[in-house]
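K.L.:
Residue strings, one per chain:
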Amino acid sequence: MSVAIPETLEEALQVAAADPEVQVLAGGTDLMVEVNFGYRRPASVCALHRIAELHAQRQDDGEVVIGAMTTYHDMERGVIAAALPGLAQAGRTVGSPQIRNAGTVGGNLATASPAGDTLPVLMALDSTVVVASVAGRREVPISDFLVGPKRNALGPGELIVEVRVPHLRGPQEFLKVGARNAMVIAVCSLALVVDLERRRVACALGSVGPTVLRAFEAEERAAQEIDWQTGRLGDPAFAPEFGRLVAAAARPIDDHRSTAGYRRHAIGVLAERALRRSA
Amino acid sequence: MIADTAPAVRERPGRVGESAPRPDGVPKVRGEFAYSSDLYAEGMLWGATVRSTQVHARVRSVDVSAAWATPGVRAVITASDVPGSAHYGLDSDDQPVFAAGVVRHVGEPIAAIAADRPETARLAASRVVVDYEPLAPLLDPEESLTAEPIHPNGNVFRHLPIRKGDPDAVGDVVVEGTYTTGMQDQAFLGPESGLAIPDDDGGGVELFISTQWLHIDRDQVAACLGLPPDKVRLTLSGVGGAFGAREDISLQVHVCLLALVTARPVKMVYSREESFLGHVHRHPARMWYRHHATHDGVLVKVEARLLLDGGAYLSSSHHVLGNAASFAVGPYRVPNVVIDSWNVRTNNPPCGAMRGFGVVQACFGHESQMDKLARALGRDPVELRLMNALGPGDTGVTGQRITGTLPMAEVIARTAALPMPPDLDDEPPMLALPGGAGRTADRARVVRGVGFAANYKNLMYAEGFDDFSTARCRIEHGVVTIDCACAEVGQGFVTIALQIAREVLRIDEVVLAPANTAEVGSAGSTSASRQTWMSGGAVEAACTAARDRVLAEVAGRVGLPVSDLDLRGDRVVSRDGRIDLTMTEAIEGLVVDEVREFHHARTHPFDEHGQGDAHVSFAGAAHRAVVDVDLDLGLVRVVQIATAQDVGRALNPLSVGGQIEGGVAQGLGLALMEEILVDDGRIRNASFTDYLVPTALDAPEVVWSLIEEPEPGAPFGAKGVGEPPVVSSTPAIVSAIRAATGLDLTRVPVRPEDLALGGREHGL
Chain R
785 MSVAIPETLE EALQVAAADP EVQVLAGGTD LMVEVNFGYR RPASVCALHR
835 IAELHAQRQD DGEVVIGAMT TYHDMERGVI AAALPGLAQA GRTVGSPQIR
885 NAGTVGGNLA TASPAGDTLP VLMALDSTVV VASVAGRREV PISDFLVGPK
935 RNALGPGELI VEVRVPHLRG PQEFLKVGAR NAMVIAVCSL ALVVDLERRR
985 VACALGSVGP TVLRAFEAEE RAAQEIDWQT GRLGDPAFAP EFGRLVAAAA
1035 RPIDDHRSTA GYRRHAIGVL AERALRRSA
Chain C
2 MIADTAPAVR ERPGRVGESA PRPDGVPKVR GEFAYSSDLY AEGMLWGATV
52 RSTQVHARVR SVDVSAAWAT PGVRAVITAS DVPGSAHYGL DSDDQPVFAA
102 GVVRHVGEPI AAIAADRPET ARLAASRVVV DYEPLAPLLD PEESLTAEPI
152 HPNGNVFRHL PIRKGDPDAV GDVVVEGTYT TGMQDQAFLG PESGLAIPDD
202 DGGGVELFIS TQWLHIDRDQ VAACLGLPPD KVRLTLSGVG GAFGAREDIS
252 LQVHVCLLAL VTARPVKMVY SREESFLGHV HRHPARMWYR HHATHDGVLV
302 KVEARLLLDG GAYLSSSHHV LGNAASFAVG PYRVPNVVID SWNVRTNNPP
352 CGAMRGFGVV QACFGHESQM DKLARALGRD PVELRLMNAL GPGDTGVTGQ
402 RITGTLPMAE VIARTAALPM PPDLDDEPPM LALPGGAGRT ADRARVVRGV
452 GFAANYKNLM YAEGFDDFST ARCRIEHGVV TIDCACAEVG QGFVTIALQI
502 AREVLRIDEV VLAPANTAEV GSAGSTSASR QTWMSGGAVE AACTAARDRV
552 LAEVAGRVGL PVSDLDLRGD RVVSRDGRID LTMTEAIEGL VVDEVREFHH
602 ARTHPFDEHG QGDAHVSFAG AAHRAVVDVD LDLGLVRVVQ IATAQDVGRA
652 LNPLSVGGQI EGGVAQGLGL ALMEEILVDD GRIRNASFTD YLVPTALDAP
702 EVVWSLIEEP EPGAPFGAKG VGEPPVVSST PAIVSAIRAA TGLDLTRVPV
752 RPEDLALGGR EHGL
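Going line by line, the protein sequences match chains R and C.
Sequence positions in the first sequence follow the working numbering and run 785 to 1063.
Sequence positions in the second sequence follow the working numbering and run 2 to 765.
No lab work stands behind these hints, which were simulated from the structure alone.
All of these numbers come straight from a predicted model, not from anything done at the bench.
Some hints here could point you the wrong way.
[Said to hold, decoys possible] Straight line, CA to CA, 25 Å or less: simulated SDA-like cross-link-like pairs of lysine to any residue:
{"id": "1", "chain 1": "R", "residue 1": "K934", "chain 2": "R", "residue 2": "V829"}
{"id": "2", "chain 1": "C", "residue 1": "K373", "chain 2": "C", "residue 2": "K29"}
{"id": "3", "chain 1": "C", "residue 1": "K29", "chain 2": "R", "residue 2": "S880"}
{"id": "4", "chain 1": "R", "residue 1": "K934", "chain 2": "C", "residue 2": "L678"}
Start from the sequences and build out the full structure, keeping to the hints where you can.
P.N.:
What follows is the structure, encoded as structure tokens:
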């Protein structure tokens, strides 16, 4: 097995161009599980941890730019915690402190699991994934990036460079159900974003479909029900209705972690609670 | 941790009754302790195991040619290479070293490989081609009772009926219920691992291994290798937890055989997934109960049927059932008993020993019933338990009279009187609510519940088995060395043995030698809450003999009869004042070597009605659980467990507290999350990603109180303390959830969907 440890993004892109089958290693929290189980035996690996520019986070003109190697630990503090509280909350729910020190946003995007904890937040915020190859950069809306269960839109030789997340004014919530109180894969999760400027509500759902889902009908109804002068619901009785609409948007399955019936029920409860907290 | 009296950790070496710190505690926390998976020998090879992918199948052929052709492979062995007994087992040799002819569960070993590198060994293992002819799997334990045998020894491991008193007695009030428990795993952190080193002449082998009982491993390994027992020498290496899962043989024979075949040291370490396949689990149980009581709440009769799924091989299923049946009604006086219990073979993963050993399952049944009875009678559940509490002079369901201590009423009353936690705040921190880090809770939808449960359990092995222990006390060059083959698996014998030796010998500096089979006889298993009593008793006996020898020598030197010597504190003094020495001074120049076996009181098998004095001694505990439940999401946070425990005497209160807190965490796991999910004979969650054990955020505050009534026959009056904490913590938590939700909850683990959807997801 060959291992490339590039110091710059340019070098990494060269490696990826020369060997489109190369296995990219970010935090390793997904990859090493697959290797340990024998599901994957990469012939070549390109480790990204030395590339300084991928670790950066910064606030630009109305958006937060998050380098692909930003860890969950990083999300709980600094510019992300200040500007994107929903993402900080999602980061906190991932694994143990050791895992949060290793796992990255780029890895979460690339793995594209429906249970990826940052993905509902990034989806509700209409984030943009910036990918690059030796041929140049392109920007992919996250809804186009996550194409299916564990399938993303990266082309051959492409790496995730950063994700650009709008910096909105308004409440953000991330809630996640698991069978224990910490360090657990999501049975279902939900991100809710209230955009007080554009008077919009966004709601994205994790682990209740083949990929992260948006509850568009619920979002539109909620936007109508919020009194945008106060930012509160005109009629608090709308919250359970919101829960029902979100539950209807879910497409859950039975698996070893839970049942479809519970997931649909629980995602509705999360939606109602998130809306009550936010509006 | 909150105790009646906070145990003070002392810096100087502790004597009996003191909270001496564990010698291995700090190294373990700092990551410096060497576990068996850290073993290394110059020039060693790595082993890997080929396992059945089939639930039940005939093996037509095993083609190892591609594995052999893998560069770096040094040996490939299958059933035909086993020189001695082809089968092994704790109670009966029904389990093949390597499957030949038939595989009976997924993960059953078929071949083993030794190679230069671990990756090479695993790669070669994946190249072994097994041609299977699938057979109909037997997966339902009820069907097993009447199905075609899937093993020459038959399907029913044991049927144990118990009849006591009048089978036709009827109570004024009758409650009935059916309960099920899931398959829990011991979930130790240190996977199975060992290092085998062949003798230079190839005539024997040395094995460094994580196990619970060195000598029984040695005897089984020797039999399978076709060697005399003294040609197989076992030394305990660092054990990363056990809880019953290291009672059975796993890789012991494989790794020794690979070492002998290759004439090289061979190391094996299971992966986490393989570990789930490679050891036994807690038996899943289906239990039906009918309790009869008078209007006043006095128990009249209990009828029960218990069915345990033992999986593919016997392991310790026979005795797990003996325990489940013996303790099927819990720590209560029941004059009339009609119990039938079965443990059967299926093609599910093999089940065997796990902390609590059959009593855990029964306790969930009988304690659920006691709550149900209290409701039917309109009585307080604690009062009902107190009214019926078993004590000295009473007889259990097997007719055995309690002749030692068993302060169950005090255990129950004191547990109920322990301080309650403060009420839930109006705005508690999110992490303190059900759902924890997931931030799901809505304070207005969180309800608190309180539940109660009690248990008693036997200590030591049962039904006529003489599970003795051996210890040796050597004094030479002014150094005291204790040899005992007791396996330290985390329970704290390394501390207890030294405390006892110091207490008896009145000397602070005592060395505990590594546990092995070469220097000393068997210590029996680190199981059944037995080592403090049995090996503690052996150490006490050997040290007492050594002390007596020292006194005789000292007296002899000056021509005094030994009866003229007294021990005053740590000094040896003679009545005439001519001798006044510390014990440390007294042993200078002496050579003493005393070996003692310690045997417990004799026990007896059950008769055809399940009656008999089958058990040595009993210990009890009660648990009160306080839980917060998110009614809509069905998520639970256990806020507090209060427990009083009958310990005889706490030789090391800090260590007892550790057993209580750990046992409570394991009981919580069974109550709320720990379950091996088996579908069509296959484990679906063989990883710590999906087999969930409680985290620090799930672990409750534990308030504990020790009841010390010294037990006759036990060293210093100490009872074993390891199992009672796990037994009734589970039903106490479920009882509290019932109180919060009003739901019936007849199975554990309780799943979020059972609470949020009232069990309709699973047809409950």
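K.L.:
Going through the earlier hints one by one, which of them does the structure break, listed in rising order?
P.N.:
Those not satisfied come down to hint 2.
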